[in-house]
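First to last, the protein sequences are chains V and Y. Start counting the first sequence at 1309; every next residue gets the next number (my numbering). Start counting the second sequence at 535; every next residue gets the next number (my numbering).
Just so you know, these hints were derived from the structure itself, not from any lab. Take the hints with a grain of salt, since some may be wrong.
Unchecked claim - Calculated cross-link-like contacts (lysine-lysine; reagent style DSS-like; alpha-carbon spacing at most 25 Å): (1) Lys1784/V with Lys1614/V; (2) Lys1784/V with Lys1439/V; (3) Lys1784/V with Lys651/Y; (4) Lys1784/V with Lys841/Y; (5) Lys1751/V with Lys1341/V; (6) Lys1375/V with Lys1392/V.
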Amino acid sequence: MNIRRRCKSSALLFVAGAMAAHAGDITGVVMDKELNEPLMGASIRIAGTRLGTTADIDGKFRLRNLKKGTYTIEVSYVSFFPQKMTLQVPATGEVSVTVEMTTDDKQLNEVTVTARKNLELERALLAERQKAVLSIENLGASEMSIKGISNVQEGVKKLTGISVAEAGQLIVRGLGDRYSTTTLNGLPIASPNPDNKLIPLDIFPSSAVQNITVSKVYEAGAFADYSGAHVDISTKEGGTKDFFSLSFGTGGKMGTVFGDFYQMDRPNTMFTAITMDETALNMPYADFDDYSRRHDIFNTTFEVGKSSALPDLSGSFGLGRTFNVGGGNKIDLLATLGLDTGNESLDNAYVRTFEASGNEMSRFDYDSFTKKQSMAGLLNVGYNFRRTDRVGVSAFFARNASDTYMLRDGFDEEDNILTGSHQTSHVYMLQNYQLAGHHVFGKWDVDWSGSYSITSSNEPDRRQVMFRQQSDGSWKLFRQNEQENSRYFGSLDEDEWAADLRTQYNFNDKDKLRFGFAMRDKSRDFTCTRFYYNLDGLNEQVTSFYHTDGFLNFENVQNGVLNIERNHQRRDAYAAGTRILAGFVEADYYPIDPLLINVGVRFESTRQWVDYYGDDGLPYHRDLDTDEFFPALNLKYTFNEAHSLRLSGSRTVTRPSFVEMAPFLYQESYGSAQIRGNEDLTNGYNYNVDLRYEWFRPSSTDMVAITAYYKYLDNPIERTQTVSGGAMMHSFQNATDGLAAGVEVEVRKELVKDLRLGVNASYMYTDVKLPEGGVYTNSERPLQGASPYLVNADLTYAPKFKEERQLSLALLYNLQGHRIHAVGIQGIGDVEQQDLHTLDFNASMKFNSHWSAKLSVKNILNTDVVFRQEIPEQGTEVEVERFNEGVGVSLGVTYNL
Amino acid sequence: MRANLLKTATWAMVLGASMTAFTACDDDEDEGGQIPPAPSVLSGTVTSDLLLEAGKSYTLDGALQVKAPATLKIEEGVTITANNDGQVDYILIEKGAKIDAQGTAERPIVMTAEAKKEGAWGGLHICGNAPTNSGSGVSEIGNASYGGNDVNDNSGVLKYVRMEYTGFEFDSEHESNGISFYGVGNGTQVSYVQAYVGSDDGLEFFGGTVNIDHCVVVDCTDDSYDWTEGWSGKADYLVAYQTNPDCDCLIEADNNGDNFGATPVSHPVLNHLTLVGNNSTENTRGVRLRAGTQVEISNAQITGKPKALTVETTQTETALADGTSKLQNVAISGELDSENNIYTNDMFEAAGNLTNQTFSFANNYVGMTDGRGAVEATNMWMSGWTR
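Isolated chain Y, as found in the complex (with noise of 0.2 Å):
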């Protein structure tokens, strides 16, 4: 009965791969140069450029993952639905391969899910072959290698994107991130990206050197963001908004967790940041500085935890007291909590940042003190694009 099944089943993808990306690969090569147009409903493996169409909405029905060379082009207005049946959805963009999505706020390419709610699909995976710390690291799902020596790699573009409902279980130990970037290098250019309701982590980095400004996370219940194996990228405007009680940290920020000694050690620079917890007693922790994490960060507002900023291990107080990490004009509700107080409140304090501030926002997360947040009332950048 097992066989029979299994039998019946393999027939049945055979025919849908064929019928969808394959096919649309083969028939449309010869047209000039012009990227062929993808079918409406999408999965399988791509090895040549796809296009999906300004303005159209597509289903994605299992896995789509793009093989180098090949580039996966979404036109603004795209919208890309994953169905329900039980089954993973996820794009997926090997080493070598690229996206190039390219919304505008207006027109936002969204992709989400059938069923409207945290979990509903398996987000976007990215691959690159920047440096991480973990060796030879393979993607959370769909087994695709990650890292490098090119700092400089370009993964293609991503603008004006949302994602929303991610964080599907892909099995015991593992859920899907709204956008998991994996090695990916600082060739890519991400802004304007929105992660909404996931059950995992919003943007999350396994190493890598990719730039990312704009961003917003909304209520994916595990950490908004969180970056490990070594990312050393450049951050500017980030907003978390936690709302769901569930929420973990704004920011969990890992060196490695198996080695927090480990080379490259990541030491991301991140710039404007408004960060807004949910209050919850007991997913206290805000911003989670550990695992050896080296990281430069100014102008925050940090808030809505009842920890909004710890220091932990050895190696990452080591490298705030020394000055390899600076905290700069950060604000923060309540006060640093330290591990062991290798870098203490007073020390956070003496180099100018707020403590025990209070905090009052225009829509959730709009407004600026002092240079401090990612978003001023007079410039509303995350307006028309995301929810």
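Bound conformation, chain V alone (with noise of 0.2 Å):
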């Protein structure tokens, strides 16, 4: 992908040399006005006749053989004013023509969208798809706000081969995170999650994003560390007109809402995170057991509240101006802010383990409730100038919070019949700050950009205590393990520079060559601690699981009945980093007219290190530095305007992440695997062949694309499990070599008028050997979390009445195909997500100039969501796992000025 499609301008050279004929010709060139980009697909007709063509990719068009005379030519486009225009057609040569166009806002206007630029059009976003030197897919604002997309993340999900599987991991084409790469504005993005490569994408929500372009092939201009998918978020931005509005929501999921709602003790809102006495954190050792008996250090308790949970609420807010500054130049300004609260509770959900001879060996129901709440801004300001030239100014900030309260019971592997009563609050924050200007050159256009983020991932103030029923059937806390009774503190923090700088050569409107540098360095701290309580003095009347503030109190900590223990292991801290200088040169090239050659080679060399402590608590480090070549191929060949061929090949790089790249001992979240890093592990290496044919419909948003790929996998990097001290510890390894090719298919196709319908649909086949050695009872299998199958479909119905009224009806179905949920050790068969049927419903209605309203239901089937396990031993197979999401209905209100 062309990751500074944004600043693109299309050089408009116009030819007007005399031609030889015996009659006249109209030529010229449809331009968008406010773009300056020529509009493919515009319909120009000869006003009172059939004769008439469209516009080509450059905007272009020519009437042939035109007898002399006066003609008026009527140009349109859907959502364009049209245009008429007289002209003298001379007895030979041609008459040249630059028909500049401009939007028309009332056909424009989308419910509930607030900034607006083109790019946010699907119609607009179709033909850069069609036009893009790659092959690309895209999702704008109004498409996303028809389908009724809160965020990134429900965004992908409604592209092709793309699916999300647990704490939001993009899975594209039955390749895990790992294989795919996000950035915001054509620069790379820290993840603040250390589990995954890639940021959250439910950070961003659709009030910031003007459009998410994804790239499943890949060119030298980006960098080479993916094979799935290059998701590209591009911010809003200003430019187009004027605006102010305001939007209000509310809603909730059914079973929550009103419904009883706990969650442990907290002295704040969720605006901020929860602290505790950060000198007691830090102190030494051997001070701090005096220390907590005389200081209260923790600002919660274990108590749980009971509560009624209220309507979710959203409330977000857009501005865009654009001054006049002489000179046509202009500054263009954006703002965007939004909050969003929720709740969602689980209720009589479970999980249940088993051994290989299908005995149940333990099994937990668990109620859970999560409050959430979501914060971003967005502010940008540009400055246009020269026509041709901007330079913009972007700060994006964005804050997830979320406190899950989950009480389980049941009984575990040794028998003992428990309860926990479990508070786990976790804070997502980003800030990105960037810095990119477009020049032209005369033949030459330079872009040049740079962005500073910080993220992090703060896991404040964890609790958990553990309940043991007695032989008399009354309970007790659980006293077998210090661990059982405990708090955590983890705070994981991510700083980002990253540089661009690329030139491109115009030999001609269509002949290209583009070179640049790029480097990217990024640093990660990260630390935990955790206190453990010894329970041994204390004598407890445990008469409710959630009231525990008369024992667990700081008075038994102050006479000594119980005992705060702080454990901070030199392996609780690690820091790691990565530094990326790459330089690339690539070309665009026609040979024949129809064919063009997309060829290129990137250099990368890049160090990645990890300091980290052993479990012996001595220091260790560990490098992973390489110098290497990715070279990409893209070849397009355009049949006519509406049939194109494209072929891609192209080899990338995987690379391990920190935690994975490193033998020391972690654990991310309560609940999550054990996993211990491998000082042996190295890059995979990815060599992926694309075939995709196009069809797009002139004029209309009707399309097909039918896509055909290969991946050969050369040791791709796999997660392995092994045992450690009985229990099960994942680690990684790199496999000899894996596989994943399949077929994807997309189709758009207004059905009748304004009812349209869009499917996608994809068949894969994944497949990895794994190294010898492990316990894993597979040593063959598909890819951890890739689906054989995974369909979208969605049908809009969006009639405008009179002016400005219109609606929009969307209903939108999701099948996700069964997919390895967690790989079976020891014997038994891997632990298989079921297939999965979502359906949503969106409507929107747009009054008048000043009000929309909207009405969203997601997950209407209200399916369980459902896992099963395969005993091989017995030919059966057991349900293990079993959760319901509930329905979520959501009411909001927006007013435009």
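Please assemble the complex out of the two chains, which come individually in their own frames, going by the hints.
Written as structure tokens, this is what we have:
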């Protein structure tokens, strides 16, 4: 993908050569006036006749062999004001014309979408797709609005071959998170989630997003660490027209809202993270015991409160202004700010484990209650000058916080009857500052950009109280291990610098040479501390799992009945970093008119390191340094204005993450697997081939795309399982090889006026052979998280009544095929998540130029999420986990000034 | 701030390590085959032989990890005390490395902790090349691999060794045993060993073939003895004694908790046991045979638990019923508790074992009847070196 896509300009070379002909021609080019870009697909017709044509990819058209005389041409395009022009056609030769089209804002108005620019519109984005050097897919703000998509994560799921697994992990063509990459306005962005390479995509609300572009093929201008997808999120920018909008929404999950809702003690609102006495956290170990008796070092207790769940609330505002500063130069300004809060609960969910001969080993039923709060703000200022040049600066801030309370009850592998009371709190934060410019110097285009981002993942005051049922039926705190009653504080901080400079030399309006340099430098710090409660002196009366203040209190710490032990091993902190210096050169070359050859090569010099401590408390360091080339070839054969064929091939890399490449023991969050990296882990390499046929029906949004792909994975990094002291531990190894292949089909069709159907479906095959010596049951299997099939279908009805009144109704269906959720070990099969069907409905109504409203219903089918596991020894299958996320309903109102 | 902390700590550790074990090894390499003596503070990775000299006291500051082919030689009367700085302390003998710890009844080797309480330090871990049924495993701490095909593998000698105050919390899922035997082979000698006051198991076996004799476990609050992953050694003269009400099983015996049928199947042969529980109404099981384990137990007395002897899982009970496993001359308080009624109390009694017995012991666990038990008043083999 050309990551400077947004700043692209098309040089308009106007050829008005004298031509030897017996009749005259009308030639011309149709331009989008605001974007100064060609308007492919515009329809040109000679008034009062059937003679006509459409503009080609460069906006050009030619009407041939017209008798000398006066003609009126009518130029039209969906959502633009039609233009009429009267021309004199000579007896021989031609007359040339430039038609500048302006957008019909009334026609463009989309319900609740605030900032608006062409690249938010489906029609414009489809044109981008068709025109693009690479095969891409995209999703604009207006389509997101019609489909009720509230953030980027929900958005990418609607694209072909993409699904999202637990914890927001993106699976593209069956390839997990490690095979994809995310950029924000073309620049890399750090992930605050140590388990995932990609930043959680739900951190980007639709209100701040102009469009999402996904490229599943590689071009040399991009960082080479992907094989699945490069997801580029373009934030909104000003420049179209002034606007001001305010939105407000409410709703909730059926079964959650107004129901009982439980949370552990919290001193403040979710706007602030829970803290503790920093002195106690950092003081010498020898002083802690005494200090903790004299100071109440925590700001929370283990007490659980019950309330009634309030409805979800959301609000956002957007503001866009353009100022003319003279000389045709403009400054545009855009600001958005959004805040969402919501509650979710799971009732009667359960999870259980089995051993290989089919005996149930443990079972826990649980109820969970999650409060979510997300905030995002975007400020974007652009200076447009010399008609072609632009310098922009943007600041993006996002914060996602969630508090989850879970009450579990059941029995463990030792047949203890237990109840667990757990509270987790998680805050992801992102600040991103970008400065970018685009300049044209004759035949040279120059793009430069830089960014600095700070991300953090903070998990303060995770709390757990475990109760064990006594033989007389009463309950006591569970004392077998001190870890049972504990707290955890963990934080991870990353910062990343990125810079990109690239130039393009335009030999003519088609053939181009690009080269450039890029760098990124990321560093990370992680630390965590646990506090265990020694209960030996305590004789508690447990009357309720929720009310523990009677015995788990500071008074009992002061009088020595309770002992708090601080546990911070040296290995509970690590620091890591990556620096990549890259250069690339690539060319767009048309040997014959319909054939585009994009060929390029990238060089990346990568330094990746981790400073960590072993179990032995000694410091270790691991480096993973590589210098290598990544070639890419993208061919596009355009049969005519509608049909084209694309073929792509590339070599890309998959690098281990920090926690994977160093063997320290690590556990990110409650209940997650214990992970120990592997000091011998190396890069995996991906060889990618894609073949795509595309048909875009001119002047419409109807289209068909069929893609076949094949990927050979050389030394792919796979998660493996081993045992450590009887418990399962996860690690990572380079498997010998793997492959992923599949077919994807995408169809969009207007069935009757205003009623449109969109379908995309993928079938994929994945296979990986694992190294010898693990305890996993199957040494050859599909990739973890890969579904063999994925289907998205949507039906939208968007009629326009009168001038400004517009309705849009959308029904969206998703099928996520079964996939491996957890790998089975010691003779028991893999845990598979079963096929999951979901159906969403979204309706919006624009009443007039000021007011609009929307209604959305998510997860209408309300299907249970079910996991099953094979017991090969018995030839049977058992259900091991089930939960239901419930139906979500929301209502929103927007006021536009 | 965090980065700085880490860097400071890094330098501190580099200095610490070079001042202790590393320098010691290097300095004394050429003294005519003599094993170089260790400094008084132990830590770091040991790659050549190291000597702890008779009667001396050593401080353990962090991990002492012995790599093949080195031998850690500990002479009689040595005391190793784990310091109390909040950081994990443990001794790990990797595959192919050896421990040669030979105390005497009068001058035992004591591995203890500065903080005199359970859970104070991380214990002793020995990894060997003998078979297990769990594929490739790694130790609970230290990330050392274990298991192999050498049933006769030799990890050295433990004799007259007392472990105190083990059970440190390694992470949210693991605490340390007194001694953990990971795939240890029967070329290893383990005699006269005690685990005294710990917060996890006393002695635990992860597969392997090692034989042990004359062992005493007192007040380790998880299980006194524990085996899993296919242990098939011999154990003679075992004592377990519990006073802390939090203590769980006297013996927790598994074949493999994830796969009851995994092979090789756990099949240790135990002879002469005295196992005395804490009479806890909550931690009710004494000897718990489960998860597919096989076993031969003879000449045992088991008491002090509401359920002195329980048998669970089809595989375990079937092996008892068909004679693959044997319980002979075993006397228990109460009756045998059977989960599946494949091997029942009646069958247990029919084999000549005794139920509903009452026991009286001198000195907590001294006393034998009709050959049953571990310690006879006339042969107080635990005297002098245990507590």
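Checklist line | Hint numbers not upheld by this structure, sorted from lowest to highest | finding: 2
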